[in-house]
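Colleague: Single-letter residue listing:
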Amino acid sequence: GDSVTQTEGPVTVSESESLIINCTYSATSIAYPNLFWYVRYPGEGLQLLLKVITAGQKGSSRGFEATYNKETTSFHLQKASVQESDSAVYYCALGDRGSGGSNYKLTFGKGTLLTVTP
Amino acid sequence: EAAVTQSPRSKVAVTGGKVTLSCHQTNNHDYMYWYRQDTGHGLRLIHYSYVADSTEKGDIPDGYKASRPSQENFSLILELASLSQTAVYFCASSNRPQDTQYFGPGTRLLVL
Chain A
1 GDSVTQTEGP VTVSESESLI INCTYSATSI AYPNLFWYVR YPGEGLQLLL
51 KVITAGQKGS SRGFEATYNK ETTSFHLQKA SVQESDSAVY YCALGDRGSG
101 GSNYKLTFGK GTLLTVTP
Chain B
1 EAAVTQSPRS KVAVTGGKVT LSCHQTNNHD YMYWYRQDTG HGLRLIHYSY
51 VADSTEKGDI PDGYKASRPS QENFSLILEL ASLSQTAVYF CASSNRPQDT
101 QYFGPGTRLL VL
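These protein sequences, in sequence, are chains A and B.
Position 106 of the first sequence, counting from 1, maps to 106 under our numbering, and the rest follow consecutively.
Position 80 of the second sequence, counting from 1, maps to 80 under our numbering, and the rest follow consecutively.
Next up, chain A with everything else stripped away, as it sits in the complex (with noise of 0.2 Å):
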């Protein structure tokens, strides 16, 4: 089946440090890939953070990127300069862009607590 690997948590970096949490997905029953990054901040749902439906396109937001590699099947998240409020739980999910099959779901890896200190 589908499925999504990522960093385990918690992970701990100091402000102005740069973050890479992996991210690697199998997409066995899903023809075209969508791969998304959501956030959920403390007390929040989550939240879309970013969104690549092509192959080899990097999304960005808010001063993180991602890259959807499909020869490594990967989707790392970046960001150069970490700050004291992107302190959250990142998602790592992977969708189906709407081939015309029955998959209407996302498929999310397990998440990585980010702490960010000061």
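Calculated directly from the structure, the hints in this document are not laboratory data.
You may find that some hints are simply not true.
[As the list claims (entries may be wrong)] Example chain A residues on the side facing chain B (calculated, C-beta under 10 Å, incomplete):
1. Leu-19
2. Ile-20
3. Asn-34
4. Leu-46
5. Gln-47
6. Gly-56
7. Tyr-68
8. Lys-105
[As the list claims (entries may be wrong)] One side only, chain A facing chain B, incomplete, derived with CB under 8 Å:
9. Asp-2
10. Pro-10
11. Tyr-41
12. Pro-42
13. Gly-95
14. Asp-96
15. Leu-106
16. Phe-108
17. Lys-110
18. Leu-113
19. Val-116
20. Pro-118
As the structure is a prediction and not an experimental result, all values here were calculated from the model.
Glycine included, each C-beta is placed from N, C-alpha and C at the ideal position.
With chain A held as given, fit chain B onto it using these hints.
Modeller: Chain B only, in chain A's frame:
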């Protein structure tokens, strides 16, 4: 701004009791979803719906029922709550299945 609300935000239930979790969206979206999250797992799909008065099973539907009485409302029903259903439950909506899903804040359910 898209909005999905859930009630209650937290609940303590007794084993064997009935629990109803409610979700309301003001996005005018056709698709709605119920997920659960347990420690050490990603979100897993329980039920979803793409039109009022119709629901579909997700990956882990056993022990749960769903109800979609209107486009805006989607409920998750635990007829006989069990200890294993202790989890955080998220509702979400989207315009189409391949579109961005908008999530509610979650309901923390503890079954004792």
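Colleague: Could you check the structure against the hints above and give me the numbers of any it violates, in ascending order?
Modeller: Those not satisfied are hints 1, 2, 6, 7, 9, 10, 11, 12, 18, 19, 20.
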